[in-house]
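*Asks:* Read in order, the letters of the sequence shown correspond to residues 53 to 285 in my numbering.
Honestly, the hints are just simulated from the structure, not real lab data. For every residue, glycine included, the Cβ atom is placed at its ideal position computed from N, Cα and C. Since no wrong hints were added, every one of them can be taken at face value.
Restraint ranges, calculated between C-beta atoms of paired labels, are given here:
(1) V169 / S104: 25 to 35 Å
(2) T172 / I199: 18 to 28 Å
(3) W267 / W142: 24 to 34 Å
(4) I220 / I176: 18 to 28 Å
(5) F153 / V225: 15 to 25 Å
(6) I220 / I285: 25 to 35 Å
(7) K251 / S160: 38 to 48 Å
(8) N105 / S160: 15 to 25 Å
(9) I199 / S104: 38 to 48 Å
(10) E108 / L198: 33 to 43 Å
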Amino acid sequence: MFKMFKIASSVFDNRGEIPSSKQFRLMVAIASLVVISLLTSAGGTPIQHSISNPWEGFIWGIAEPVIGLDKLAGVVVVGILSAILSSGIWITVAFVLAALFGQIIHLSALNILDTLVSITTVNIAIAICTIIFGSILILFQQKSWLICTILAVVAGLSQGYVDSQVIINVDVVTTLTYIVGVTLTQTVLILSAREISTKFSKKAVNQTINRSIRWVGLTFCAIGIVFLGNVLI
Numbered sequence: 053m054f055k056m057f058k059i060a061s062s063v064f065d066n067r068g069e070i071p072s073s074k075q076f077r078l079m080v081a082i083a084s085l086v087v088i089s090l091l092t093s094a095g096g097t098p099i100q101h102s103i104s105n106p107w108e109g110f111i112w113g114i115a116e117p118v119i120g121l122d123k124l125a126g127v128v129v130v131g132i133l134s135a136i137l138s139s140g141i142w143i144t145v146a147f148v149l150a151a152l153f154g155q156i157i158h159l160s161a162l163n164i165l166d167t168l169v170s171i172t173t174v175n176i177a178i179a180i181c182t183i184i185f186g187s188i189l190i191l192f193q194q195k196s197w198l199i200c201t202i203l204a205v206v207a208g209l210s211q212g213y214v215d216s217q218v219i220i221n222v223d224v225v226t227t228l229t230y231i232v233g234v235t236l237t238q239t240v241l242i243l244s245a246r247e248i249s250t251k252f253s254k255k256a257v258n259q260t261i262n263r264s265i266r267w268v269g270l271t272f273c274a275i276g277i278v279f280l281g282n283v284l285i
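Please work from the sequences and hints to get the whole structure.
*Replies:* Have a look at this one:
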């Protein structure tokens, strides 16, 4: 996991481009996280982790965005969208900040929110956002960055709400380290997906880009539909 952050921090060369070897390692790192998500999702990893100190909070915070395929897909697809849409960087910023505020708001108003919003409703929102993002990739047309940013805010708030479920009844320092870990992982994943998508779009021909992006969009739609079905059943 820490190797992923090292790769992402050194991903640029002196010209601001991603060397092919580093780009390959970055892709392998993301692919490894997808495998981890598949294994943990299939194994039914419980949402209640054993967090009792700041170090455990930080480690679980780093792991939280990748141990569920639905959440990992939601993060990666935001990074891809931010690369192919104009003013896409605002989508990245909106998602990360919304996820951060989603955790803070839930923890600061726990009793109120739990009576108004159920975890099932939030998981439905995450799945629907993933399906919509995937549909945008399938259509592969320049959509309003404002609309996509609003969707990113909804997705981020939903993910932040779900992530904060595992740090209830812990001390403030542990909570803060957990939030830092989650935000760090989400930021690295989104920026990595954004950079890979940007470099790929520059090197590939238009027909290849269109076909690849549509297949990627179809994959995210399928993931969203599967998890939406799991929540509703």
